[in-house]
Amino acid sequence: MRVENVIQVDHLTKLFGVRRAVDGISFTVERGEVLGFLGPNGAGKSTTMRMITGFIPPSAGSVMVGGFDVAENPIPAKRMIGYLPENAPAYTDMTVAGFLNFAAEIRGLRGDKKKQAIARAVEMCSLEPVLHQSVDTLSKGYRHRTCFAQSILHDPDVLVLDEPTDGLDPNQKHEVRGLIRRMGATKAIIFSTHILEEVDAVCSRAIIIDRGKIVANGTPADLRRKSEMAGAITLRVSGVAAAAVSSKLYQIPQTKRVNVLEDKNKSVMVCVYPKPNAADGELLRAVGELAQGWRIELLQPEEGRLDEVFRSLTLPDTEPKSAIGHRASAIQK
Amino acid sequence: MSAWANIKTVAKRELGAYFTSPLAYVFIVIFLLLSGTFTFLLGGFFERGQAALAAPFFIWHPWFYLFLVPAVGMRLWAEERRVGTLELLLTMPITTWQAIVGKFLASWLFLALALALTFPVVITVNYLGHPDNGVIFCGYLGSWLMAGAYLAISCITSAMTRAQVISFIISVVLCLCLLLAGIGPVVQFLSGWFSPSTVSAIASCSFITHFANFEKGVLDSRDVLFFVSVIVFSLFTTAVILRGHRRG
Chain A
0 MRVENVIQVD
10 HLTKLFGVRR
20 AVDGISFTVE
30 RGEVLGFLGP
40 NGAGKSTTMR
50 MITGFIPPSA
60 GSVMVGGFDV
70 AENPIPAKRM
80 IGYLPENAPA
90 YTDMTVAGFL
100 NFAAEIRGLR
110 GDKKKQAIAR
120 AVEMCSLEPV
130 LHQSVDTLSK
140 GYRHRTCFAQ
150 SILHDPDVLV
160 LDEPTDGLDP
170 NQKHEVRGLI
180 RRMGATKAII
190 FSTHILEEVD
200 AVCSRAIIID
210 RGKIVANGTP
220 ADLRRKSEMA
230 GAITLRVSGV
240 AAAAVSSKLY
250 QIPQTKRVNV
260 LEDKNKSVMV
270 CVYPKPNAAD
280 GELLRAVGEL
290 AQGWRIELLQ
300 PEEGRLDEVF
310 RSLTLPDTEP
320 KSAIGHRASA
330 IQK
Chain B
0 MSAWANIKTV
10 AKRELGAYFT
20 SPLAYVFIVI
30 FLLLSGTFTF
40 LLGGFFERGQ
50 AALAAPFFIW
60 HPWFYLFLVP
70 AVGMRLWAEE
80 RRVGTLELLL
90 TMPITTWQAI
100 VGKFLASWLF
110 LALALALTFP
120 VVITVNYLGH
130 PDNGVIFCGY
140 LGSWLMAGAY
150 LAISCITSAM
160 TRAQVISFII
170 SVVLCLCLLL
180 AGIGPVVQFL
190 SGWFSPSTVS
200 AIASCSFITH
210 FANFEKGVLD
220 SRDVLFFVSV
230 IVFSLFTTAV
240 ILRGHRRG
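Chains A and B are the protein sequences, given in the same order. Per numbering that gives the first Met the number 0, the very first residue in the first sequence carries number 0; after that it's consecutive. Per numbering that gives the first Met the number 0, the very first residue in the second sequence carries number 0; after that it's consecutive.
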C-alpha cells in the first residue's frame with residue numbers, strides 16, 4: 000500500500016480570547032495509522048479535532064486533509080472525513096433509521112448506494128434492534144453507536160473520533176476498539192481518549208498533548224520507554240535484611256536508585272531503577288548474578304507504564320518527576 | 000445541482016422534525032382557532048356584508064405572527080447548539096449557507112401549510128358572495144412573505160442563544176418594534192422627536208405599512224422587495240452570528 004500523509008496538521012493554533020487552547024501543534028497521520036490522542040481534560044484535544052474537521056477555524060496554522068486545506072477548501076476535505084463529535088450528538092426527534100438516512104443523503108448517497116451504506120453501518124455497529132426507535136429513547140451506548148454509524152456511512156478515508164468509547168460498557172468498549180483497529184488498516188484514524196489501556200489495544204502511534212502543546216509523540220512502546228520504570232527490575236528475596244539488599248544493589252554500576260517497596264515477614268521487595276544510559280537487559284543480568292546467593296521469590300523486568308509517562312508529562316511542574324514515578328509504582332504494588 | 004440537493008436534504012429533515020414533535024399540531028390548531036375566532040367574531044365577517052377578506056381576516060395576521068412565528072423559529076438553531084448537532088451539521092460536506100437556507104425554507108413551508116389550511120375562510124366567502132379572488136390571493140402572498148420576514152428575524156435570535164425561551168422573547172420584541180413602527184400613534188409620537196424624513200424612514204420599515212398594500216390587493220414590487228430583503232438580510236446576519244460562535 001502506498002504510504003501517504005492523509006492528515007497534515009501544521010503549526011495549528013487556536014486562541015480563545017488570550018488563552019491558547021491549542022498552541023502551534025504539528026503532526027501527520029498516514030493511511031493505515033491509528034493515532035491516539037491523549038491528554039488531560041482541557042488540554043486542547045477536542046479543539047484540535049474540531050479544527051481538523053472544519054467546525055472551527057484555526058487562529059493560525061493549517062490542516063490539510065487528503066491534500067485539501069480544510070479552511071480554504073472545506074467541502075472536498077469534509078467529504079473525506081467521518082466525524083464522531085464529543086458526547087455523540089444526534090437529532091433526538093428522529094428514529095435511528097431516519098437519522099442515518101439523513102446523514103447518508105447529506106453525504107450525497109442516493110438509491111441503492113444509500114441503502115447498502117446504511118445496511119453496512121447498521122451491521123458494523125449492531126444497530127438492528129433499535130433501528131426504528133427514536134434517538135431520545137436510546138441508551139447511551141446505542142446512541143453513541145448511532146452517531147458512530149453516521150461517521151462511517153460513506154466509508155471515509157479519514158476518521159476523527161472524539162472519545163469513541165466514552166460511556167460504553169466494557170463489552171461495547173471492546174467492540175468499538177475492535178472496529179477501530181480493523182478500520183485502521185485502510186484508513187487514517189485519529190481518536191482521543193482518557194483511557195490509557197486503549198492506546199495499547201488500538202493505536203499504532205500516540206500523541207500526548209498538554210496545555211495545547213504536544214509533549215510526546217511516538218508508538219506506545221516508544222512512550223513507555225520514556226517512563227522511569229522502563230528497564231527497572233523488581234526483586235523479592237527472603238531471609239536477607241533490606242539494608243543489605245539495598246547496599247549490594249547499589250554496587251551495580253547501572254543502578255540509579257533502589258526503592259524498598261516492602262519489608263516484612265523477612266521478605267524484602269525492592270525496585271531497582273537503571274541509569275538512563277544503561278543498555279537493555281544489562282541491569283537485569285547484573286541483578287540476576289548478584290541475587291544468586293539469596294532466596295529469590297520474584298525477579299521481574301518492568302516495561303514501563305503509560306500512566307506514569309502520562310502523569311509525569313502532564314502534571315504541573317511543581318512536583319518532581321521522580322517522586323511521581325515512585326508513588327505510582329508504590330500504589331500499583 | 001448538489002447545492003440544491005443539500006438544501007433539500009436539510010429542509011426535509013427539518014420539516015420532518017416539526018411533525019414528529021407536537022409543535023406542528025399545536026401551532027396549526029392554535030393558528031386556525033385564532034384565525035376563525037378573530038375573523039368571524041371580532042372581525043365582524045358577517046356584519047360587514049362584504050365579500051372580502053382584507054378587514055376581517057388578513058388584518059389580524061401581523062399580530063398572530065408576532066407570537067406564533069417566533070415560536071416556530073426559536074428552535075431552529077438554539078436546539079442544534081444545545082444538543083450539539085450543530086457540530087455534526089456543519090462538519091458535513093455542506094456550506095453554512097445551505098444549512099441556513101434549508102432550515103429557513105423548511106419552517107417557511109410549514110408556515111405556508113398552516114396558512115393554506117385557512118382555506119375554509121376562502122370557501123365561505125366565495126359561497127356567500129362574489130369576492131375578488133385576485134385580491135384574496137394577493138393577501139395570502141403578502142401574509143406568507145410577512146411570515147417569512149418574522150421567521151428570518153427569529154432565525155437571528157435563535158442563532159444567538161442556546162435557550163429557546165430567550166430566543167422567543169428577543170424575537171417577539173424585535174418583531175414588535177418592526178410592527179409598531181408604522182402605526183399611527185407611534186408615528187405621531189416619533190414625529191415629536193425626529194425630523195419628518197427620519198420618521199418616514201422608520202415608518203417605512205414597518206411590516207404593517209407594507210402588508211397593508213397586499214391586503215388591498217396591490218402587488219407592489221417595493222413591498223415584495225421589502226420583505227425579501229428583510230429575509231435576506233436576516234439570514235445573512237444569522238450566518239455572521241454562526242461564524243462568530245465558531246470563531247470562539
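Simulated from the structure, these hints should not be mistaken for laboratory data. The model shown is predicted, which means the values in this text are computed figures rather than measured ones. Any given hint could be a false lead.
Facing chain B, according to a computed beta carbon distance under 8 angstroms, are these residues of chain A, among others [said to hold, decoys possible]: (1) Thr12; (2) Gly23; (3) Phe26; (4) Thr27; (5) Thr52; (6) Ile55; (7) Pro88; (8) Phe101; (9) Gly107; (10) Leu108; (11) Gly110; (12) Lys114; (13) Tyr141; (14) Ala200.
Cβ coordinates follow ideal geometry from the N, Cα and C atoms, glycine included.
Exercise for the section: With chain B as the partner, please determine if Pro88 (chain A) meets the hint condition of a C-beta pair closer than 8 angstroms. Expected result: Because about 3 angstroms separates Pro88 (chain A) from the closest Cβ in chain B, which is inside the 8 angstroms limit, the hint holds.
Exercise for the section: Grab the minimum C-beta distance from Tyr141 (chain A) to chain B and call the hint holds if it beats 8 angstroms, violated otherwise. Expected result: 16 angstroms, violated
Practice task
May I ask you to test the interface hint for Ile55 (chain A) with respect to chain B, counting a Cβ-Cβ separation under 8 angstroms as satisfied?
Solution key: 5 angstroms, holds
Handout entry: Satisfaction of the Phe26 (chain A) interface hint, Cβ to chain B closer than 8 angstroms
Key = Status violated, d = 20 angstroms.
Problem - Residue hint Gly110 (chain A), partner chain B, criterion CB-CB below 8 angstroms - result: With a minimum Cβ separation of about 13 angstroms from chain B (threshold 8 angstroms), the hint on Gly110 (chain A) is violated.
Exercise for the section: Double-check Thr52 (chain A) for me: the hint is only fine if its C-beta lies closer than 8 angstroms to a C-beta in chain B. Expected result: Status holds, d = 4 angstroms.
Exercise for the section: May I ask you to test the interface hint for Lys114 (chain A) with respect to chain B, counting a Cβ-Cβ separation under 8 angstroms as satisfied? Expected result: 16 angstroms, violated
Problem - Hinted contact Leu108 (chain A) with chain B - closest CB pair below 8 angstroms - result: 11 angstroms, violated
Exercise for the section: With a cut-off of 8 angstroms on the beta carbons, see whether Gly107 (chain A) makes it to chain B. Expected result: 7 angstroms, holds
Exercise for the section: Would you check whether Thr12 (chain A) satisfies its interface hint, that is, whether its CB is within less than 8 angstroms of any CB in chain B? Expected result: 12 angstroms, violated
Exercise for the section: Identify whether the interface hint at Gly23 (chain A) stands, where standing means a beta carbon of chain B within less than 8 angstroms of its own. Expected result: Gly23 (chain A) check fails; min Cβ-Cβ to chain B is 17 angstroms, beyond 8 angstroms.
Handout entry: Restraint outcome when Thr27 (chain A) is required to lie within 8 angstroms of chain B by C-beta distance
Key = With a minimum Cβ separation of about 21 angstroms from chain B (threshold 8 angstroms), the hint on Thr27 (chain A) is violated.
The earlier numbered hints that this structure contradicts are 1, 2, 3, 4, 10, 11, 12, 13 and 14.
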